[in-house]
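**Student:** The lines below spell out each chain.
Number of protein chains: 2
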Amino acid sequence: MSITCESEAKVFGAWHKQFRHQSQSLNCSMRFAIFLPQKATSSDKVPVLYWLSGLTCSDENFMQKAGAFAVANELGIAIVAPDTSPRGEGVADDDGYDLGQGAGFYLNATQAPWQAHYQMYDYVVNELPQLIEANFPVSSVKSIAGHSMGGHGALTIAINNQNQYRSVSAFSPIANPSNCPWGVKAFSHYLGDDKALWAKYDAAELLASAPMALPMLVDQGDADSFLEEQLKPKALVEAAQVHGAKLQLRMQPGYDHSYYFISTFIGEHLRFHHRYLSA
Amino acid sequence: MSITCESEAKVFGAWHKQFRHQSQSLNCSMRFAIFLPQKATSSDKVPVLYWLSGLTCSDENFMQKAGAFAVANELGIAIVAPDTSPRGEGVADDDGYDLGQGAGFYLNATQAPWQAHYQMYDYVVNELPQLIEANFPVSSVKSIAGHSMGGHGALTIAINNQNQYRSVSAFSPIANPSNCPWGVKAFSHYLGDDKALWAKYDAAELLASAPMALPMLVDQGDADSFLEEQLKPKALVEAAQVHGAKLQLRMQPGYDHSYYFISTFIGEHLRFHHRYLSA
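In order, the protein sequence lines correspond to chains F and H.
Per the numbering used here, the very first residue in the first sequence carries number 6; after that it's consecutive.
Per the numbering used here, the very first residue in the second sequence carries number 6; after that it's consecutive.
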């Protein structure tokens, strides 16, 4: 479980750092980023918000563009951003931006050639938190959030692991991937034809099939060009009603799919998580 | 003076937009970005802060990474970010990151092959403000700021045009380019051997040679890897004393050359400029 620091930068009196490690789940070298607020010390461990990014992203997009650090530092929340897939020359890939490297969809692949490395679900749920809690002044109290493909990842991981997280939030999540082009393409390649397996990675299907106890906050811009074809927040709202899940979906007028949208509301998401992380 | 919108995104209730136009000064097609706060309407024109970026940057780096929009919107300040050089297939270039496209140094080149397009000083001082004031709900009240090469640009342009700007600020500026490798390389190529011409584009030399009436705020990280060899803030402080210029240089402990540093203090820079823009 050794990690190597690749960069560090002071920000708002706190620290942003990037580390590399050999992932057991993914069977390749991986980089992640961590924001450590000033409150984080060996005697005062802070909770962690895991952030899952969208298609084509790495650990850097959120950290460079979201503008989250002033509020995260004020609230004393660490933020960990993994990469969005396994990486490297020996890792299967595809010419499309929506399959292969940069497009891991936070699932455990079962199909060749993907299954050898594409185990992002295990990486995010198990390996990465163990690594973080062993190496940094953080507690095991955590929440999870993400954007687009990462919003899908955050919602499905939280619903499937309700004892591990306190809360979940998403920007523009792929809410019903079994019924949109991005999801159908990815799930067909990574998981094959078994639709029962797909359901474990579909937030709308999960909410329709069993109770979800954690609070969920979702922001969706109504000027998002992916809204109708790919994201389908209505399916999430309808599914949440089946078992009375605590979903707050906010349609944000005029906002698109970009980090300009995320930067506008990330402070509110951090305060939402803080209520549960500090409870 | 026609401009074409290439993107727009709502952010903090306001707007970030990118436009393309044919530049007369630069003799090529150029893109710039503008942040328009909610206060900007045809009946309520707002002042403008011009932001000049550093080596390798475009109009996008500051807009995506600085986290400036919440405070700029609160204060009612528009922000305009030009590109850092002329661009395009017909524009002279160099393999180095510190010469040619992405490295215009905000000067008017006199030497071949650069002089045909590299007239960034005229572009920033004259053409761009005319274009902005003709096309957007902004007043002619303006200040200027920048980072690294753009900090050099902001300081020299403000000192040379004290009637046009209200205030100037810089992060990690190249303060004495005639005496550092980046500056000597660029000035030699763009301006030739005439050191008298170099002096017009050297903030430290300008401050030593004549009074500067505008308030200047400079932030410099003491963990900046370019500090000793390239940036030379001490030369700026010493030069400012010659004619009693109003320079506040803040050495910021632990900060590096990155946008993490800029994002930490950009709010203070905006409030600094607001005092003079609203006076």
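Because the hints were derived from the structure by calculation, they are not lab data.
These numbers were taken from a predicted model, which means no experiment stands behind them.
Heads up, some of the hints might be wrong.
A pair holds if it fits inside one copy or across any two, identical chains being indistinguishable in the list.
Mimicking DSS-like on lysine-lysine, the simulated pairs with C-alpha atoms at most 30 Å apart in a straight line are [to be verified]: (1) LYS200 <-> LYS44; (2) LYS15 <-> LYS251; (3) LYS239 <-> LYS15; (4) LYS50 <-> LYS205.
**Student:** Against this structure, judge whether each hint is valid.
**Tutor:** Against the structure, the hints:
| no. | hint | verdict |
| --- | --- | --- |
| 1 | LYS200 <-> LYS44 | neither (45 Å within a copy, 51 Å between copies) |
| 2 | LYS15 <-> LYS251 | between (37 Å within a copy, 28 Å between copies) |
| 3 | LYS239 <-> LYS15 | between (41 Å within a copy, 23 Å between copies) |
| 4 | LYS50 <-> LYS205 | neither (33 Å within a copy, 53 Å between copies) |
Against the hints set out earlier in the document, violations occur for numbers 1 and 4.
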